[in-house]
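Protein chains: 2
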Amino acid sequence: MKEISPLQKKRLGYKPILPKILENISNLEIEEKEKTASLGDEKELKDLFPNTFGAPIVNFKKSCSEKEKKPLKVGVVFSGGQAPGGHNVISGLFDALKKLNSKSLLFGYLNGPSGVVDCKYLDLTKDLVDGFRNLGGFDLIGSGRTKIETDEQLDKSLNCAKDLKLDGIVIIGGDDSNTNAAILAEYFKKNKVSTKVIGVPKTIDGDLKSKEVEISFGFDTACKVYSELIGNIAKDALSAKKYYHFIKLMGRSASHIALECALKTHPNVVLIAEEVLQKKKTLKIVTNKIADVIEKRSKIGKNYGIVLIPEGLIEFIPEFKVLIAQLNKLLAKGEQTEIELNKLKSGDNKIEYIKNILSKESKTCFEHLPKSIQEQLLLDRDPHGNVKVSQIETEKLLIETVKKELKNRGFKAKFNALNHFFGYEGRSAMPSNFDANYCYSLGYTAALLINEGLTGYMSCISNLHEDPENWSPKGVPITSLMNLEIRHARKKPVIKKTLVEANSKAFKFLKENREKWAIQDLYTYPGSIQYFGDKEITDSIPISLKMNNIA
Amino acid sequence: MKEISPLQKKRLGYKPILPKILENISNLEIEEKEKTASLGDEKELKDLFPNTFGAPIVNFKKSCSEKEKKPLKVGVVFSGGQAPGGHNVISGLFDALKKLNSKSLLFGYLNGPSGVVDCKYLDLTKDLVDGFRNLGGFDLIGSGRTKIETDEQLDKSLNCAKDLKLDGIVIIGGDDSNTNAAILAEYFKKNKVSTKVIGVPKTIDGDLKSKEVEISFGFDTACKVYSELIGNIAKDALSAKKYYHFIKLMGRSASHIALECALKTHPNVVLIAEEVLQKKKTLKIVTNKIADVIEKRSKIGKNYGIVLIPEGLIEFIPEFKVLIAQLNKLLAKGEQTEIELNKLKSGDNKIEYIKNILSKESKTCFEHLPKSIQEQLLLDRDPHGNVKVSQIETEKLLIETVKKELKNRGFKAKFNALNHFFGYEGRSAMPSNFDANYCYSLGYTAALLINEGLTGYMSCISNLHEDPENWSPKGVPITSLMNLEIRHARKKPVIKKTLVEANSKAFKFLKENREKWAIQDLYTYPGSIQYFGDKEITDSIPISLKMNNIA
Numbered sequence: 018m019k020e021i022s023p024l025q026k027k028r029l030g031y032k033p034i035l036p037k038i039l040e041n042i043s044n045l046e047i048e049e050k051e052k053t054a055s056l057g058d059e060k061e062l063k064d065l066f067p068n069t070f071g072a073p074i075v076n077f078k079k080s081c082s083e084k085e086k087k088p089l090k091v092g093v094v095f096s097g098g099q100a101p102g103g104h105n106v107i108s109g110l111f112d113a114l115k116k117l118n119s120k121s122l123l124f125g126y127l128n129g130p131s132g133v134v135d136c137k138y139l140d141l142t143k144d145l146v147d148g149f150r151n152l153g154g155f156d157l158i159g160s161g162r163t164k165i166e167t168d169e170q171l172d173k174s175l176n177c178a179k180d181l182k183l184d185g186i187v188i189i190g191g192d193d194s195n196t197n198a199a200i201l202a203e204y205f206k207k208n209k210v211s212t213k214v215i216g217v218p219k220t221i222d223g224d225l226k227s228k229e230v231e232i233s234f235g236f237d238t239a240c241k242v243y244s245e246l247i248g249n250i251a252k253d254a255l256s257a258k259k260y261y262h263f264i265k266l267m268g269r270s271a272s273h274i275a276l277e278c279a280l281k282t283h284p285n286v287v288l289i290a291e292e293v294l295q296k297k298k299t300l301k302i303v304t305n306k307i308a309d310v311i312e313k314r315s316k317i318g319k320n321y322g323i324v325l326i327p328e329g330l331i332e333f334i335p336e337f338k339v340l341i342a343q344l345n346k347l348l349a350k351g352e353q354t355e356i357e358l359n360k361l362k363s364g365d366n367k368i369e370y371i372k373n374i375l376s377k378e379s380k381t382c383f384e385h386l387p388k389s390i391q392e393q394l395l396l397d398r399d400p401h402g403n404v405k406v407s408q409i410e411t412e413k414l415l416i417e418t419v420k421k422e423l424k425n426r427g428f429k430a431k432f433n434a435l436n437h438f439f440g441y442e443g444r445s446a447m448p449s450n451f452d453a454n455y456c457y458s459l460g461y462t463a464a465l466l467i468n469e470g471l472t473g474y475m476s477c478i479s480n481l482h483e484d485p486e487n488w489s490p491k492g493v494p495i496t497s498l499m500n501l502e503i504r505h506a507r508k509k510p511v512i513k514k515t516l517v518e519a520n521s522k523a524f525k526f527l528k529e530n531r532e533k534w535a536i537q538d539l540y541t542y543p544g545s546i547q548y549f550g551d552k553e554i555t556d557s558i559p560i561s562l563k564m565n566n567i568a
Numbered sequence: 018m019k020e021i022s023p024l025q026k027k028r029l030g031y032k033p034i035l036p037k038i039l040e041n042i043s044n045l046e047i048e049e050k051e052k053t054a055s056l057g058d059e060k061e062l063k064d065l066f067p068n069t070f071g072a073p074i075v076n077f078k079k080s081c082s083e084k085e086k087k088p089l090k091v092g093v094v095f096s097g098g099q100a101p102g103g104h105n106v107i108s109g110l111f112d113a114l115k116k117l118n119s120k121s122l123l124f125g126y127l128n129g130p131s132g133v134v135d136c137k138y139l140d141l142t143k144d145l146v147d148g149f150r151n152l153g154g155f156d157l158i159g160s161g162r163t164k165i166e167t168d169e170q171l172d173k174s175l176n177c178a179k180d181l182k183l184d185g186i187v188i189i190g191g192d193d194s195n196t197n198a199a200i201l202a203e204y205f206k207k208n209k210v211s212t213k214v215i216g217v218p219k220t221i222d223g224d225l226k227s228k229e230v231e232i233s234f235g236f237d238t239a240c241k242v243y244s245e246l247i248g249n250i251a252k253d254a255l256s257a258k259k260y261y262h263f264i265k266l267m268g269r270s271a272s273h274i275a276l277e278c279a280l281k282t283h284p285n286v287v288l289i290a291e292e293v294l295q296k297k298k299t300l301k302i303v304t305n306k307i308a309d310v311i312e313k314r315s316k317i318g319k320n321y322g323i324v325l326i327p328e329g330l331i332e333f334i335p336e337f338k339v340l341i342a343q344l345n346k347l348l349a350k351g352e353q354t355e356i357e358l359n360k361l362k363s364g365d366n367k368i369e370y371i372k373n374i375l376s377k378e379s380k381t382c383f384e385h386l387p388k389s390i391q392e393q394l395l396l397d398r399d400p401h402g403n404v405k406v407s408q409i410e411t412e413k414l415l416i417e418t419v420k421k422e423l424k425n426r427g428f429k430a431k432f433n434a435l436n437h438f439f440g441y442e443g444r445s446a447m448p449s450n451f452d453a454n455y456c457y458s459l460g461y462t463a464a465l466l467i468n469e470g471l472t473g474y475m476s477c478i479s480n481l482h483e484d485p486e487n488w489s490p491k492g493v494p495i496t497s498l499m500n501l502e503i504r505h506a507r508k509k510p511v512i513k514k515t516l517v518e519a520n521s522k523a524f525k526f527l528k529e530n531r532e533k534w535a536i537q538d539l540y541t542y543p544g545s546i547q548y549f550g551d552k553e554i555t556d557s558i559p560i561s562l563k564m565n566n567i568a
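In order, the protein sequence lines correspond to chains A and B. Numbered by my numbering, the letters in the first sequence go through residues 18 to 568 in order. Numbered by my numbering, the letters in the second sequence go through residues 18 to 568 in order.
Each hint should be verified, as a subset may be incorrect.
[Claimed, not checked] Partial pick of chain A residues on the chain B-facing surface, computed with a CB cut under 10 angstroms: (1) E20; (2) I21; (3) R28; (4) T163; (5) K209; (6) S211; (7) K241; (8) I250; (9) A251; (10) Y441; (11) L539; (12) I546; (13) Y548; (14) G550.
Keep in mind the hints are simulated off the structure, nothing from the lab. All C-beta atoms in this analysis are idealised placements derived from N, C-alpha and C, irrespective of residue type, glycine included.
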């Protein structure tokens, strides 16, 4: 028998709170609300999704009569990176299916979408599901990054669904995975296969968001874990008074995580990548901004502090954007320049070679980088030959550029900096009560959407700033979140990523306070996630969600 | 008004549990137990501490009569790195002093021992103390690393104590700081100054430990924070199934933290530096051991896992020990070789220069290191010219050597590794209930020892594996923990660091289980520190403490 920790044991027994409307699902019916279009490119998307485009948003309401529900067979899959709460989507789905009809069955596709294609699955029994309630990770069935795109993949997925006589497939994933869900839904419908496909909005990054999708699951817990650590480090900085901590935070292109963590901890500097892009801030400008804060603080005797850096920052700095695009092109698999580069043995020669084939602007940018970053740009590339942006040590880069800048300014005080990167620490954490409740409701709602025969929908909950009892489950057509974007030189239907908006209340609040936070030490210390005791502590929701949702 | 988090607010109101014996301190008296000697070098230590050596251990017992207690004036100081619970030593001290006599005063020396020397202090009022109860960090009064060693420093400290008419000074620190406390106590007594000096055992490293000192404070909380993160990462590794995470843990020379975290999370590999030293394991042997586990796991389809590395490891690998000692000598400030090295501009030239003046054995070791580590060994040096061992990225070094070894073995599967270092994340965390209670009792006891007129004592609590009500507060002469060691080529009195013992029950348990943990995925997930709810969760004590203390 595998040993589990006392907290795991206790959390296994936590009963997630359901919205009142879901308390009795035997007498629910759907209510069609407004018909939807798409975020853009309506005509093209209608052509791409002739069978599923333009469906209405649906709510649930009480019906007068109780209908007999037939047993359902559903498959569920995790797609992409871990996010806290995934197992609760499964337990919510499982419980709702069993409540609809105790003969319902739930299968878990193994190791991500490749399991859907290759028909590898696990029969999810009550015993199995009960062992993962309210726990972190995706380890009950694993996850993966395969995309179901080719005709062969679509066909194999379809045949598996047919063989298993599935009433529905639930795809738990981010923007790309939900796009995939829409494509699969359309493909099944076109081919007259009755399996419905429902998406569930997952990503710690918080960029899968819209009017209807208030937040993706996992964001709350991940931000709470990172903020616990940032707060601890701020407390340490304030006690030791000798280090600047440059902390990079996961979150890919969007800076939602950095913003939320800043609202929770009040660091001296937080960079918001979207603002860097919008205001065309060069590396020089970003560096100066940090150096300014360090100088000002030093004048009042403070040679310590906290700087938060979003993972995606580097892609939003104009000259890097250009440099990375050029490198991706020059070093794409099979390009002559890539072949030449790989012939060279020493790192120095590679750097020299590349320098001389870059554009003048990119050459200047490249030349001014520390050698370790130059090497990262050339060596650590993904299977497509693209620069692995997430592995560029932006936090170290900024320490170097700031150090140089301070030296140029004749800064006399001490500047000692330490770097941190928080990402994997939060992706598989035990979900907060918010994520535990939210995910359970998302899973529950997914089951109900399948039961209603809907497909190409995303399971959504709105009203999240209220108590869970008052949350509103709904179904939103995935195509309504889409537009066309150019990917690998081709126009593709995609769910539009939502970045940090300049006019959001949360970002405005940051802007109003950051000058003060820069100089005064107004750090707040959220501490570790609490599961028991005061609701104000255990059931808190993301600050940015609260700010943006309350009028 | 500074904003505080809901958890901070709630924790401010937590009432630490006192041992029953301390519930009413108006009728306590001390009971002298066995006289003490030292851990070694008795004669020399007796000569160095003629006025304080050989005192007895003292307990507290109920007395029949209540004595009127006179008001006390006490100064308190934090020395060295942060450890969770420091503020509770202060609040315990404050509350006990006020309980003894409401006219008692507590002063906080500012920014560490330099405050003691320069007589910089803060009057710690109830309002101030109340704002820091049960919170992390040392920020109420700051900390520092000054050592009070020279005659001038000792004199200035003495004059300040005389000016303030202090009855006592409480020094909250690690082994070196408690040695300092003993020296100060002896100096005061020799000079007929009545100020008593009491030490409090602080350090997350857990190496300040003896028969009487069961554990230093802060160790419990820091290990809980690190284990939360290790558990989260293990969960992520198990879900994504594609990364090995090499996690370095703070803790200087001793591997107590790595051992405790391993007992809490069951990683696939944990290196114990003391064992590496004892068995004379070279880097090659350590590398092979990790590579063996990776190969075995790969054969059963597992290309992911968790490797824990203690911060001090590198100093315990025989050839590194020699290399570092040589480098410290060659590059000591003012050495001809140091001057020559600094004349060289490029990193490559420096590396070349050093290589050729090292002994043959050290040259081989140095040559086989990745360049980044070579540079760290030469560039990042402390003010004395010593290699900053804590900043050597051992976790990256091992990833490199393991990668090479696997390649040599013709390993065909994937080996993707990520590195982490956890240290600052835990040093200033909000103390666990254990550390909150323990520190409060330590502070309380320190006040009582001063009230009894004892000096050169360490405030100690034993029986820590029982409920706090049954804990036994006591005073232990600091000299009884000492021996002589060679520091900077001179014999000095020091408190002996306690390393992980090969025969301790905790280490034996690890040895019995690690083969199993290596292959099976038996990770446990402690989750975040809980402060409310089940006592089994909120009031747990370190596993190693429990194992080693219970017969």
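task = Mind checking the CB of G550(A) against every CB in chain B and telling me if the closest is under 10 angstroms?
result = holds, 3 angstroms
query = Going by Cβ atoms only, is R28(A) closer than 10 angstroms to chain B?
reply = holds, 7 angstroms
ask   = Taking the least C-beta to C-beta distance, is L539(A) closer than 10 angstroms to chain B?
value = holds, 6 angstroms
message = Restraint: I546(A) near chain B, CB-CB cut 10 angstroms. Satisfied or not?
response = holds, 4 angstroms
request  = Would you settle whether the hint for Y548(A) is holds or violated, based on the nearest Cβ-Cβ distance to chain B being less than 10 angstroms?
outcome  = holds, 7 angstroms
message = Is the interface hint satisfied for Y441(A)? The criterion is a beta-carbon contact with chain B at less than 10 angstroms.
response = Hint on Y441(A): holds, closest Cβ of chain B at ~5 angstroms, below 10 angstroms.
message = Can you verify the interface hint for K209(A): is its Cβ closer than 10 angstroms to any Cβ in chain B?
response = Interface hint status for K209(A): violated (36 angstroms vs cutoff 10 angstroms).
query = Taking the least C-beta to C-beta distance, is S211(A) closer than 10 angstroms to chain B?
reply = Hint violated; S211(A) Cβ to chain B Cβ min 31 angstroms, cut 10 angstroms.
request  = Go through the hint on E20(A) and say holds or violated, using the shortest Cβ distance to chain B against 10 angstroms.
outcome  = With a closest approach of 5 angstroms, the E20(A) hint holds.
ask   = Would the hint on I21(A) stand, with a C-beta cut-off of 10 angstroms toward chain B?
value = At about 6 angstroms, which falls below the 10 angstroms cut-off, the nearest Cβ of chain B leaves the hint on I21(A) intact, so it holds.
query = Should the hint that K241(A) touches chain B count as held when the rule is a Cβ pair under 10 angstroms?
reply = holds, 9 angstroms
message = So, as I understand it, the hint says A251(A) touches chain B; can you test that by seeing if any CB pair is closer than 10 angstroms?
response = holds, 8 angstroms
In the structure shown, a violation is registered for the earlier hints numbered 4, 5 and 6, in ascending order.
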